[in-house]
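Student: Use these hints to put chain B onto chain A, whose structure you have.
For the protein sequence lines, the chains are A and B, in the order given. In case it helps, this note's numbering puts the first sequence at residues 441 to 740. In case it helps, this note's numbering puts the second sequence at residues 441 to 740.
Misleading hints may appear alongside valid ones.
Claimed, not checked - Computed cross-link-like contacts, SDA-like style, restricted to lysine to any residue with a CA-CA straight-line distance of at most 20 Å:
{"id": "1", "chain 1": "B", "residue 1": "Lys626", "chain 2": "A", "residue 2": "Lys626"}
{"id": "2", "chain 1": "A", "residue 1": "Lys735", "chain 2": "B", "residue 2": "Gly733"}
{"id": "3", "chain 1": "B", "residue 1": "Lys626", "chain 2": "A", "residue 2": "Thr536"}
{"id": "4", "chain 1": "A", "residue 1": "Lys594", "chain 2": "A", "residue 2": "Thr536"}
{"id": "5", "chain 1": "B", "residue 1": "Lys626", "chain 2": "A", "residue 2": "Glu665"}
{"id": "6", "chain 1": "B", "residue 1": "Lys643", "chain 2": "A", "residue 2": "Thr456"}
{"id": "7", "chain 1": "B", "residue 1": "Lys735", "chain 2": "A", "residue 2": "Asn573"}
{"id": "8", "chain 1": "B", "residue 1": "Lys513", "chain 2": "B", "residue 2": "Thr536"}
{"id": "9", "chain 1": "A", "residue 1": "Lys643", "chain 2": "B", "residue 2": "Cys664"}
{"id": "10", "chain 1": "A", "residue 1": "Lys626", "chain 2": "B", "residue 2": "Arg616"}
{"id": "11", "chain 1": "A", "residue 1": "Lys626", "chain 2": "B", "residue 2": "Val668"}
{"id": "12", "chain 1": "A", "residue 1": "Lys643", "chain 2": "B", "residue 2": "Thr536"}
{"id": "13", "chain 1": "B", "residue 1": "Lys735", "chain 2": "A", "residue 2": "Thr456"}
{"id": "14", "chain 1": "A", "residue 1": "Lys626", "chain 2": "B", "residue 2": "Gly622"}
{"id": "15", "chain 1": "B", "residue 1": "Lys735", "chain 2": "A", "residue 2": "Tyr731"}
{"id": "16", "chain 1": "B", "residue 1": "Lys735", "chain 2": "A", "residue 2": "Lys594"}
{"id": "17", "chain 1": "A", "residue 1": "Lys626", "chain 2": "B", "residue 2": "Leu507"}
{"id": "18", "chain 1": "B", "residue 1": "Lys626", "chain 2": "A", "residue 2": "Arg730"}
{"id": "19", "chain 1": "B", "residue 1": "Lys643", "chain 2": "B", "residue 2": "Arg600"}
{"id": "20", "chain 1": "A", "residue 1": "Lys626", "chain 2": "B", "residue 2": "Glu665"}
{"id": "21", "chain 1": "B", "residue 1": "Lys735", "chain 2": "A", "residue 2": "Ala694"}
{"id": "22", "chain 1": "A", "residue 1": "Lys735", "chain 2": "B", "residue 2": "Thr536"}
Think of the hints as simulated: they come from the structure by calculation, not from any bench. Because the structure is a prediction, the values reported are computed rather than measured.
2 protein chains.
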Amino acid sequence: MSLVIVGSLAFDTIETPFERRERIIGGSGTYCALAASFFTRPKVVGVVGRDFPRTAIGLLERRKVDLRGLQVKAGKTFHWEGRYGSDPNQRTTVRTDLNVFRDFQPLLPPSYRSADIVFLANIDPGLAGPVLNQLRRRPAIVALDTIRFWIETKPDALFRTLAGVDIFFANDEEVRLLAGEGNLIKAGRRLLGRGPRVLVVKKGEHGALVFTPDFVFGVLAHPCEDVVDPTGAGDSFAGGFLGSLDGAGRRGPAQIRRAAVCGSVVASFAIEDFGVERFKTLTRKEIETRYLGFKRLVSF
Amino acid sequence: MSLVIVGSLAFDTIETPFERRERIIGGSGTYCALAASFFTRPKVVGVVGRDFPRTAIGLLERRKVDLRGLQVKAGKTFHWEGRYGSDPNQRTTVRTDLNVFRDFQPLLPPSYRSADIVFLANIDPGLAGPVLNQLRRRPAIVALDTIRFWIETKPDALFRTLAGVDIFFANDEEVRLLAGEGNLIKAGRRLLGRGPRVLVVKKGEHGALVFTPDFVFGVLAHPCEDVVDPTGAGDSFAGGFLGSLDGAGRRGPAQIRRAAVCGSVVASFAIEDFGVERFKTLTRKEIETRYLGFKRLVSF
Chain A
441 MSLVIVGSLA FDTIETPFER RERIIGGSGT YCALAASFFT RPKVVGVVGR
491 DFPRTAIGLL ERRKVDLRGL QVKAGKTFHW EGRYGSDPNQ RTTVRTDLNV
541 FRDFQPLLPP SYRSADIVFL ANIDPGLAGP VLNQLRRRPA IVALDTIRFW
591 IETKPDALFR TLAGVDIFFA NDEEVRLLAG EGNLIKAGRR LLGRGPRVLV
641 VKKGEHGALV FTPDFVFGVL AHPCEDVVDP TGAGDSFAGG FLGSLDGAGR
691 RGPAQIRRAA VCGSVVASFA IEDFGVERFK TLTRKEIETR YLGFKRLVSF
Chain B
441 MSLVIVGSLA FDTIETPFER RERIIGGSGT YCALAASFFT RPKVVGVVGR
491 DFPRTAIGLL ERRKVDLRGL QVKAGKTFHW EGRYGSDPNQ RTTVRTDLNV
541 FRDFQPLLPP SYRSADIVFL ANIDPGLAGP VLNQLRRRPA IVALDTIRFW
591 IETKPDALFR TLAGVDIFFA NDEEVRLLAG EGNLIKAGRR LLGRGPRVLV
641 VKKGEHGALV FTPDFVFGVL AHPCEDVVDP TGAGDSFAGG FLGSLDGAGR
691 RGPAQIRRAA VCGSVVASFA IEDFGVERFK TLTRKEIETR YLGFKRLVSF
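Next up, chain A with everything else stripped away, as it sits in the complex (with noise of 0.2 Å):
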């Protein structure tokens, strides 16, 4: 039982409708690994320059995130600078300082190498033969989250990637993009075909559906009344589903449902304050209170 994460942390500056945050914490890796660390005890990968602030690597060592796998480099942190308008799936990036980030060249300490879950969260798809290269054998679980940027600028290498993949986490706009197809369902069932045994598709405030060749289940989102900061719900919800799954030592379909809800929980709170603040002050017993809500949001 053991989930890495490879993926960025960041400065994130986030502007919503109503307020705007400088150089808060953020990145995909963070989020990942703090929605995790309620399920399992995640091991990150990642870099950071020399101003990531002592604050955040607090945070996550209080939520008792392996950091061995975390870099300091000379230089600065990336940085990402975001602006959401009224509808919060909807967001423009400003600005995109790679800094560190741009060479990073993940590195698994000798006690990662045996993980059972490896998750590549956004990053460059073409880092996915490296990591895997340094494991001791081919975990149980490789997974793989991506962006609109790598199903544009390295659709090949992304392919490639996904022909080896277990779990692939997309929104539905990637699904659509990815698979060349309108019809959310077709587009789905053609990923599937392209390797991932598990095609999780995030719909924000929709839920998420998650396809596999023997079933498709659905997650509704929670009914949220207050979105404050949309970052990171994505990284959040995968962190949810894998440290769910990772916990729960068995992985069938039992389990997939609920690492897909589990997921979908933790992605809930993460929206309800900017950044990373939610994840200070979260317990296990709220997140288990609101599992209970999902089931009753759904039950007939």
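Tutor: Structure of chain B alone, referenced to chain A:
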């Protein structure tokens, strides 16, 4: 146990990216009555011209729909023409010829006047009073569906009608527009404050949300690979919902949840073929099988 549906019976001309169909049978009342007919024996109030085909009447009769409230007038039947893009949720109205529907004065035969449920399906909100005044007593449930046209042209009449309604059906765009609020959950709660005891938000391929003061219930859409013609999906949803509720007799939370699933199930069949074609062959057995599929889809 009786359900009265006041709505349109029409010719539809429909263009999808794949096919065009001229003057096929449609109308909110038609879809709704056919959908409801799998759960109860609906009574229709509507008007057609002398050009309305005998075969369409025959289909409704075979489905045991009570047509004593159907007026046949000299003149032409309501004709709507619409076009769908590659996204079936986006449609453009090309043409609307109201014809005999322009001066529609709903008249309830004596046998309709003790109805338990009365559904005003997309008709002018100003007609609610004249319909309800014909009843011997207030029905247990007054239900209303509306369209963007009435929201934009008769918002005051719509809100007045809404104040006396028990179940209000609207799609997500209409809910946001009516509430003047972008967050769907907030918008839903706001509309609940304007009168209805139950608000059903139809979200197309994303399913539906049911808001009541006591609970929120979410139902997914059936994962449909081939949306042939989305016309009438919302009307079929409402028909399945109200038909199920009428057939159940009781109207508690459990019946409301099941009604929403029945609505989603019947709507998922309606879009599998053009117009009302699918209702010609649909069986109660197929509905039951898909209903169980909906349970598996969300079970965890």
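Student: For A:Lys626 and B:Glu665, compute the direct alpha-carbon distance and say whether it is at most 20 Å.
Tutor: Judged against 20 Å, a Cα distance of about 5 Å means the pair holds.
Student: Are A:Lys626 and B:Arg616 close enough, with their CA atoms no more than 20 Å apart?
Tutor: Not OK: A:Lys626 and B:Arg616 at ~29 Å, beyond 20 Å, violated.
Student: Need the status of pair B:Lys735, A:Tyr731: alpha-carbon distance at most 20 Å?
Tutor: 18 Å, holds
Student: Measure nothing beyond the straight line between the CA atoms of A:Lys643 and B:Thr536; if it is 20 Å or shorter, mark the hint as holding.
Tutor: 34 Å, violated
Student: Taken at face value, is the distance from the CA of B:Cys664 to the CA of A:Lys643 at most 20 Å?
Tutor: Within the cut-off at roughly 16 Å; holds.
Student: With the threshold set at 20 Å, check whether the alpha-carbon distance from B:Lys643 to B:Arg600 stays at or below it.
Tutor: 25 Å, violated
Student: Holds or violated: are the alpha carbons of A:Lys594 and A:Thr536 at most 20 Å from each other?
Tutor: The given pair, whose Cα atoms are some 18 Å apart, holds under the 20 Å limit.
Student: B:Lys626 and A:Glu665 were given as a pair; does the straight-line alpha-carbon distance stay at or below 20 Å?
Tutor: Distance of about 5 Å is within 20 Å: holds.
Student: Given the hinted pair B:Lys626 and A:Arg730, is their Cα-Cα distance within 20 Å?
Tutor: 19 Å, holds
Student: Compare the distance between the alpha carbons of A:Lys626 and B:Val668 with 20 Å, and conclude whether the hinted pair is satisfied.
Tutor: 13 Å, holds
Student: Are the Cα positions of B:Lys513 and B:Thr536 separated by 20 Å at most?
Tutor: 18 Å, holds
Student: For the pair we were handed, B:Lys735 and A:Ala694, check the Cα-Cα distance against 20 Å.
Tutor: 14 Å, holds
Checked against the numbered hints given earlier, the structure breaks hints 1, 3, 6, 7, 10, 12, 13, 14, 16, 17, 19 and 22 and satisfies all the rest.
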